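Engineer: Letter by letter, the chains look like this.
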Amino acid sequence: MADIVLDKVSKSFPDGTVAVQDVDLEIADGEFVILVGPSGCGKSTTLNMIAGLEDISSGELRIGGQRVNDKAPRDRDIAMVFQSYALYPNMTVRENMAFPLRLAKLDKETINQKVDEAAKVLELTALLDRKPANLSGGQRQRVAMGRAIVRQPKAFLMDEPLSNLDAKLRVQMRTVVSRLQKQLGTTTVYVTHDQTEAMTLGDRVVIMRGGAVQQVGPPQELYDHPRNLFVAGFIGSPSMNFLHAAVQDGSLHTALGDVPLGDRVRRELEAADAPRELILGIRPEHFEDAELVDDDTRRRGMEFEAPVDIVESMGSDKYVYFTVEGEKASAAELEELAADAGAADFAGGGGNLVTRLSAESAVAEGQSRRVWFNLEKIHLFDPATGRNLTLRDGRAAGALDD
Amino acid sequence: MATGTETTTRAKLRWGLLDVLVVVFALVPVLWIASLSFKTPATLTDGKFIPREWTLDNYKTIFDTDQFVRALVNSIGIALIATLIAVVLGAMAAYAISRLDFPGKKLLVGVSLLIAMFPQVSLVSPLFEIERQLGLFDTWPGLILPYITFALPLAIYTLSAFFKQIPWDLEKAAKMDGATQGQAFRRVIAPLAAPGLFTTAILVFIFCWNDFLFAITLTSTERARTVPVALSFFTGESQFEDPTGAICAAAVVITVPIILFVLFFQRRIVSGLTSGAVKG
Ligand SMILES: Nc1ncnc2c1ncn2[C@@H]1O[C@H](COP(=O)(O)OP(=O)(O)OP(=O)(O)O)[C@@H](O)[C@H]1O
Ligand SMILES: [Mg+2]
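Chains as they are written, first to last, in my numbering: chain A, 4 to 405; chain B, 79 to 358.
Bear in mind the hints are in silico, worked out from the structure with no lab data behind them. Heads up, some of the hints might be wrong.
Computed footprint of chain A on chain B, listed as stretches where at least three residues anywhere in the stretch have a Cβ under 8 Å from a Cβ of chain A [to be verified]:
hint: 1; segment: 249-258
hint: 2; segment: 266-275
SDA-like mimics (lysine to any residue), calculated; alpha carbons at most 25 Å apart, straight line [as the list claims (entries may be wrong)]:
hint: 3; chain 1: B; residue 1: K183; chain 2: A; residue 2: E29
hint: 4; chain 1: B; residue 1: K242; chain 2: A; residue 2: P17
hint: 5; chain 1: A; residue 1: K134; chain 2: B; residue 2: W218
hint: 6; chain 1: A; residue 1: K185; chain 2: A; residue 2: E29
hint: 7; chain 1: A; residue 1: K74; chain 2: B; residue 2: D247
hint: 8; chain 1: B; residue 1: K242; chain 2: A; residue 2: F16
hint: 9; chain 1: B; residue 1: K242; chain 2: A; residue 2: D18
hint: 10; chain 1: B; residue 1: K242; chain 2: A; residue 2: E163
hint: 11; chain 1: A; residue 1: K108; chain 2: B; residue 2: P269
hint: 12; chain 1: A; residue 1: K134; chain 2: B; residue 2: W246
hint: 13; chain 1: B; residue 1: K242; chain 2: A; residue 2: M94
hint: 14; chain 1: A; residue 1: K134; chain 2: B; residue 2: T277
hint: 15; chain 1: B; residue 1: K184; chain 2: A; residue 2: S15
hint: 16; chain 1: A; residue 1: K74; chain 2: B; residue 2: L178
hint: 17; chain 1: A; residue 1: K108; chain 2: B; residue 2: F263
hint: 18; chain 1: A; residue 1: K134; chain 2: B; residue 2: D179
hint: 19; chain 1: B; residue 1: K242; chain 2: A; residue 2: S166
hint: 20; chain 1: B; residue 1: K242; chain 2: A; residue 2: Q86
hint: 21; chain 1: B; residue 1: K183; chain 2: A; residue 2: G19
hint: 22; chain 1: A; residue 1: K134; chain 2: B; residue 2: K242
hint: 23; chain 1: B; residue 1: K183; chain 2: A; residue 2: S15
hint: 24; chain 1: A; residue 1: K74; chain 2: B; residue 2: F276
hint: 25; chain 1: A; residue 1: K74; chain 2: B; residue 2: Q344
hint: 26; chain 1: B; residue 1: K183; chain 2: A; residue 2: R270
hint: 27; chain 1: A; residue 1: K321; chain 2: A; residue 2: A362
hint: 28; chain 1: A; residue 1: K74; chain 2: B; residue 2: W246
hint: 29; chain 1: B; residue 1: K138; chain 2: B; residue 2: I111
hint: 30; chain 1: A; residue 1: K134; chain 2: B; residue 2: F343
As the structure is a prediction and not an experimental result, all values here were calculated from the model. Quick reminder that beta carbons are idealized off the backbone N, C-alpha and C, glycines included.
Required output: the full structure, derived from the provided sequences and hints.
Structural biologist: In structure tokens:
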């Protein structure tokens, strides 16, 4: 077991593509770290550099305090689980799992014992004599995991290990992975596309965009205190709502009405190069049916009225979609996020507002409804740089912060 | 459903008939030669498909002549050695071509294609001169070398197609599991490429075995003369005897190793050997 440190690690391919730029990351011993980001942002490349399958163009990679930039994968003592599983089709499950041990020249008895042990943990004992072709997807996945754990490596690397499974199996395997990692306490770097995996599995999440790290932190922190527009839009499902906001006389003109500003944000906006337009971000759960809000809460937010498009009742609460007029929020980040999620999933900068209201709300489709939202929970972003202006010492402080 | 099965049975019947037709068309000449080889000189020209009098005399004749046995040994030896070398070299080249991006890759592929397309007839005379100068004329290496040259493009093409089918990830996985590049190739890639290796071996062997042009130009005695050439030199016991029966027997004999070779290797060409390696 060991810690993994990436020190200004970059990768540029021979054709000039810069896939990873100056990534700084310290992964503690035994930590479970998730790399997420849209397709092509350099997650796999980063993982492959840690594995040694891809050369590091510049920067330093240390595993267990030792510089390993120039070491071959076999000398790094880390195991990898591939998205495609990459099982050896000509070998049985037992042989597949024994392969790393045989290469390490262990004696037969030890090999058998270790394979049996790993098979038991992963419930593969009955399948040991089968060939991979005769296994189900979930079983293949477990064999791939088994091959990684048998030799007790310093670290596990996993590149979208669950993305080939169907939804139900994925949930099952997610708990298997999580339990296994806790049991073994092995440092793990896990690449995924899937929000839920990122939020539920890891101790810390690394969000990447275009080869650069955007923010690193525990999942909840990224959710509550996104450092920039990209992180805010990437984390959360349904995603945060983004609205265009024009700065005017110390307040903000938005489609939801004029949003008052606290001193701190106002001071920032008074600077000479301050943006004249902002993007306002609100998560769906920070809205509430105005009728259900008590006076004390009401004071902390503001209200607006809008026509109801669709009501989706989830039992515990209601997702209500509103149409709002006004200019669309636009920024490069938002377009990228929309492209990655597929337009349907990302309400983002459109004229649509997604809200999560209490189940008691009497809201109905086709009506107009008064809705309250929490000003302490809104985020303001600079569309040019994507920076979150409402952060104070890394914590989101809302619009009214003094 | 009913119409569905009906059409499939009818389609099957149609295809079956077509298959039989093709097989008969292809096999009749071969069977005819086989039939001739069992006929006595007297009935040779009677035009009957099934010999009236069966005889093994023709086979006895050819195996009695030292000429033919020698040629058979030459053929087998030369073809096997050439096949082995071509497949090993071809496998290495094909592996590099399918896996690595190196400068001059396109050139290498282009040149090997060029060799494959080059008319062999135009090379025969220069080769004859060169081999005489080098002392390779009428020796085994004198035939093995050109065979390798012309078999290599074929080997590289078939093999790189096979290597490309093997998922990259398997090799990466092997490396992560602690294998060196060599171990990864030997223990993971080569076993999976086995069907490709055998297919290529069959093709190259057949090419060497059947060659007449090089064999007749680059040999002069029994030292290196292969069967196809030896056949053309067949004469009867006396000048006036017709060697047709013996030639047919020899033709049957030289077809047998090819059939054996193909049957032997075909059992190893298990399709779908890589299935289960990766999802989808
Ligand atoms: N061999 C290569 N040569 C040139 N560019 C490459 C090469 N491999 C990857 N890239 C580029 O590097 C970038 C990062 O690729 P990478 O595979 O790391 O993305 P990713 O984050 O894993 O994406 P995904 O989620 O789709 O797997 C991409 O823009 C890709 O096109
Ligand atoms: Mg990837």
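Engineer: State for each hint whether it applies.
Structural biologist: To see whether the hints hold, each was checked on the structure:
Check on the segment 249-258 of chain B: 9 of its residues sit with their Cβ under 8 Å from a Cβ of chain A, so the three-residue criterion for coverage holds. With 3 residues having a Cβ less than 8 Å from any Cβ of chain A, the segment 266-275 of chain B passes the three-residue criterion, so the hint holds. A C-alpha spacing of about 40 Å is found between K183 of chain B and E29 of chain A, which places the hinted pair above 25 Å, so the restraint is violated. Proximity of K242 of chain B to P17 of chain A is assessed by CA-CA distance (about 22 Å); at most 25 Å being required, the pair is judged to hold.
A hinted pair counts as satisfied when its Cα atoms are at most 25 Å apart, and K134 of chain A with W218 of chain B does not qualify at roughly 45 Å. Restraint check: the Cα-Cα separation between K185 of chain A and E29 of chain A comes to about 19 Å, which is no more than 25 Å; the hinted pair holds. Note on K74 of chain A and D247 of chain B: the hinted pairing holds, with a Cα-Cα distance of about 19 Å set against a maximum of 25 Å. A hinted pair counts as satisfied when its Cα atoms are at most 25 Å apart, and K242 of chain B with F16 of chain A qualifies at roughly 22 Å.
At most 25 Å may separate the alpha-carbon atoms for a hinted pair to count; K242 of chain B and D18 of chain A meet this at roughly 22 Å. With a CA separation close to 23 Å, the supplied pair K242 of chain B and E163 of chain A stays within the 25 Å bound. This hinted pair checks out: K108 of chain A and P269 of chain B have alpha carbons roughly 21 Å apart, not beyond 25 Å. Proximity of K134 of chain A to W246 of chain B is assessed by CA-CA distance (about 19 Å); at most 25 Å being required, the pair is judged to hold.
Pair hint K242 of chain B plus M94 of chain A holds up; C-alpha atoms about 20 Å apart against a cutoff of 25 Å. Under the criterion of a C-alpha separation no larger than 25 Å, the hint pairing K134 of chain A with T277 of chain B is consistent with the structure, at around 24 Å. For the suggested pair K184 of chain B and S15 of chain A, the alpha carbons sit about 24 Å apart, so the restraint of at most 25 Å is met. For the proposed pair K74 of chain A and L178 of chain B, the alpha carbon gap of about 20 Å is at most 25 Å, so the pair holds.
Note on K108 of chain A and F263 of chain B: the hinted pairing holds, with a Cα-Cα distance of about 18 Å set against a maximum of 25 Å. As the CA atoms of K134 of chain A and D179 of chain B are separated by approximately 33 Å, the hinted pair breaks the 25 Å bound. A threshold of 25 Å between alpha carbons decides the hint, and for K242 of chain B with S166 of chain A the separation of about 24 Å falls inside it, so the pair holds. Proposed proximity of K242 of chain B and Q86 of chain A is supported: the alpha carbons are some 19 Å apart, at most 25 Å.
The suggested pairing of K183 of chain B with G19 of chain A holds, with an alpha-carbon distance near 20 Å, which does not exceed 25 Å. For the hint linking K134 of chain A to K242 of chain B, the alpha-carbon distance of about 22 Å falls within 25 Å, and the restraint holds. Annotation: proposed proximity of K183 of chain B to S15 of chain A holds, straight-line Cα distance about 22 Å (limit 25 Å). Proposed proximity of K74 of chain A and F276 of chain B is contradicted: the alpha carbons are some 36 Å apart, above 25 Å.
About 42 Å separates the Cα atoms of K74 of chain A and Q344 of chain B, which puts this hinted pair outside 25 Å; it is violated. With a C-alpha separation of about 62 Å, the suggested pairing of K183 of chain B with R270 of chain A is violated against the 25 Å cut-off. Taking the CA atoms of K321 of chain A and A362 of chain A, the gap is about 5 Å. The hint holds against a cut of 25 Å. About 20 Å separates the Cα atoms of K74 of chain A and W246 of chain B, which keeps this hinted pair within 25 Å; it holds.
Note on K138 of chain B and I111 of chain B: the hinted pairing holds, with a Cα-Cα distance of about 17 Å set against a maximum of 25 Å. For the given pair, K134 of chain A sits about 23 Å from F343 of chain B by alpha-carbon distance, which is consistent with the 25 Å threshold.
Checked against the numbered hints above, the structure breaks hints 3, 5, 18, 24, 25 and 26 and satisfies the rest.
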